[in-house]
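Note that the protein sequences, when read in sequence, are chains A and B.
The numbering of the first sequence is the numbering used here, which starts it at 1 and goes up by one.
The numbering of the second sequence is the numbering used here, which starts it at 111 and goes up by one.
Keep in mind that a hint or two might mislead.
Claimed, not checked - Here are the simulated DSBU-like cross-link-like pairs (lysine-lysine), alpha carbons at most 30 Å apart as the crow flies:
no., chain 1, residue 1, chain 2, residue 2
1, A, Lys70, A, Lys55
2, A, Lys3, A, Lys53
3, B, Lys180, A, Lys70
4, B, Lys161, A, Lys3
5, A, Lys3, A, Lys71
6, A, Lys70, A, Lys3
7, A, Lys13, A, Lys57
8, A, Lys71, A, Lys18
9, A, Lys57, B, Lys161
What the hints assert, rightly or not - Only some residues are given here: those of chain A computed to face chain B with a beta carbon under 7 Å:
no., residue
10, Thr15
11, Gly16
12, Val19
13, Phe20
14, Gly40
15, Pro61
16, Gly63
17, Ser94
18, Tyr97
19, Gly104
20, Thr108
21, Val109
Unchecked claim - Part of the chain A face toward chain B, derived, beta carbon under 10 Å:
no., residue
22, Tyr50
23, Val52
24, Lys55
25, Tyr64
26, Leu78
27, Cys91
28, Ala92
29, Glu95
30, Gln99
31, Tyr100
Everything labelled a hint here was simulated from the structure, so no lab data went into it.
Since the model is a prediction, treat every value here as computed from it, not as a measurement.
By construction, the Cβ of each residue, glycine as well, lies at the ideal position given by its N, Cα and C atoms.
Each chain is listed here by its residues.
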Amino acid sequence: DVKVTQSSRYLVKRTGEKVFLECVQDMDHENMFWYRQDPGLGLRLIYFSYDVKMKEKGDIPEGYSVSREKKERFSLILESASTNQTSMYLCASSETYTQYFGPGTRLTVL
Amino acid sequence: GQQLNQSPQSMFIQEGEDVSMNCTSSSIFNTWLWYKQDPGEGPVLLIALYKAGELTSNGRLTAQFGITRKDSFLNISASIPSDVGIYFCAGQLHDYKLSFGAGTTVTVRA
Chain A
1 DVKVTQSSRY LVKRTGEKVF LECVQDMDHE NMFWYRQDPG LGLRLIYFSY DVKMKEKGDI
61 PEGYSVSREK KERFSLILES ASTNQTSMYL CASSETYTQY FGPGTRLTVL
Chain B
111 GQQLNQSPQS MFIQEGEDVS MNCTSSSIFN TWLWYKQDPG EGPVLLIALY KAGELTSNGR
171 LTAQFGITRK DSFLNISASI PSDVGIYFCA GQLHDYKLSF GAGTTVTVRA
């Protein structure tokens with residue numbers, strides 16, 4: 001079975017802090033994705049990566065950056081957290097079209 | 111991303127009922143996927159559809175890829191309490207990115 005893990009289930013940070021969200025997949029997938037999920041808006045793509053050291057912007061990249069130094073790991077970085085980044089963050093990986101999701105990190109920025 | 115219109119936004123089910131939800135888009139998709147998300151968890155893939163007109167079942171779930179490739183529906187037969195959750199449709203247009211609907215929240219009717 002595909003397993004996608006995220007470093008934290010719940011996180012509370014203060015405005016202005018630098019925040020790292022980590023995602024690891026164990027199926028040697030090429031593609032990895034970061035989404036944020038807000039009520040009534042579904043899942044919105046922040047960034048994705050097709051290969052190590054590769055990254056491409058999704059639909060809402062502002063305020064975020066990513067890092068993919070190893071194939072299995074994809075990190076989402078909030079350089080200076082703001083209250084409007086309070087959300088559920090979901091990581092996913094895929095080999096083709098079917099994406100497999102981690103359990104999510106619920107981030108609260110105070 | 112491409113806009114997917116998912117309806118209904120929410121529904122109440124009574125055990126034993128058949129329920130239906132659908133997604134439409136102004137764009138043609140190559141693949142349609144249906145996911146379910148339990149509270150506090152990441153979405154889990156239910157059914158994947160790859161060809162126009164395709165009808166696929168997974169237990170009590172049935173999904174169809176519309177002939178026009180712009181829509182898909184998901185039916186749940188003989189619903190049970192564990193069917194509650196949020197159901198998402200997702201369409202794949204090109205490369206490996208998905209566009210998601212806003213979700214249908216299924217709740218048990220008291």
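Checked hints:
This hinted pair checks out: Lys70/A and Lys55/A have alpha carbons roughly 12 Å apart, not beyond 30 Å. Taking the CA atoms of Lys3/A and Lys53/A, the gap is about 22 Å. The hint holds against a cut of 30 Å. Between Lys180/B and Lys70/A, the direct Cα distance comes to roughly 37 Å. Violation of the 30 Å bound is thereby established for this hinted pair. Distance check on the hinted pair: Lys161/B and Lys3/A sit about 27 Å apart at the alpha-carbon level, within 30 Å; holds.
At most 30 Å may separate the alpha-carbon atoms for a hinted pair to count; Lys3/A and Lys71/A meet this at roughly 14 Å. As the CA atoms of Lys70/A and Lys3/A are separated by approximately 16 Å, the hinted pair is consistent with the 30 Å bound. Between Lys13/A and Lys57/A, the direct Cα distance comes to roughly 24 Å. Compliance with the 30 Å bound is thereby established for this hinted pair. With a C-alpha separation of about 23 Å, the suggested pair Lys71/A and Lys18/A falls inside the 30 Å cut-off, and the hint holds.
Distance check on the hinted pair: Lys57/A and Lys161/B sit about 29 Å apart at the alpha-carbon level, within 30 Å; holds. At about 25 Å, the closest approach between the beta carbon of Thr15/A and any beta carbon in chain B exceeds 7 Å, and the interface hint on this residue is violated. Restraint check, Gly16/A versus chain B: the minimum CB separation of about 28 Å is more than 7 Å; hint violated. A least Cβ separation of about 19 Å between Val19/A and chain B goes past the 7 Å threshold, and the interface hint is therefore violated.
Of the supplied interface hints, the one on Phe20/A is violated, with its beta-carbon coming no nearer than about 19 Å to a beta-carbon of chain B, more than 7 Å. Proximity of Gly40/A to chain B holds as hinted, the smallest CB-CB distance being about 6 Å (cut-off 7 Å). With its C-beta approaching chain B no nearer than about 12 Å, Pro61/A sits outside the 7 Å limit, and its interface hint is violated. For Gly63/A, the shortest C-beta to C-beta distance to chain B is roughly 18 Å, which exceeds 7 Å, and the interface hint is violated.
The beta carbon of Ser94/A is positioned within 7 Å of a beta carbon in chain B (closest approach about 6 Å), and the interface hint is therefore held. For Tyr97/A, the suggested interface contact is upheld, since its CB lies about 5 Å from the closest CB of chain B, less than 7 Å. Hint status for Gly104/A relative to chain B: holds, with the closest Cβ pair at about 5 Å, below 7 Å. Because the closest C-beta pair between Thr108/A and chain B is about 14 Å apart, greater than 7 Å, the hint is violated.
The closest approach between the C-beta of Val109/A and any C-beta of chain B is roughly 19 Å, which is over the 7 Å cut-off, so the hint fails. Interface hint status for Tyr50/A: upheld, as the beta-carbon distance to the closest one in chain B is roughly 7 Å, under 10 Å. Because the beta carbon of Val52/A sits about 16 Å from the nearest beta carbon in chain B, more than 10 Å, this interface hint is broken. Interface restraint check for Lys55/A: the shortest CB-CB distance to chain B comes to about 13 Å, outside 10 Å, so the restraint is violated.
Because the beta carbon of Tyr64/A sits about 16 Å from the nearest beta carbon in chain B, more than 10 Å, this interface hint is broken. The restraint placing Leu78/A at the interface with chain B is violated, with a minimum CB-CB distance near 20 Å, outside the 10 Å limit. Interface hint status for Cys91/A: upheld, as the beta-carbon distance to the closest one in chain B is roughly 8 Å, under 10 Å. A least Cβ separation of about 8 Å between Ala92/A and chain B falls short of the 10 Å threshold, and the interface hint therefore holds.
At about 9 Å, the closest approach between the beta carbon of Glu95/A and any beta carbon in chain B falls short of 10 Å, and the interface hint on this residue holds. Nearest Cβ of chain B to the Cβ of Gln99/A: about 6 Å, under the 10 Å cut. The hint holds. At a threshold of 10 Å, the smallest CB-CB gap from Tyr100/A to chain B is about 7 Å, leaving the interface hint in force.
Of the numbered hints stated above, those contradicted by the structure are hints 3, 10, 11, 12, 13, 15, 16, 20, 21, 23, 24, 25 and 26, listed in ascending order.
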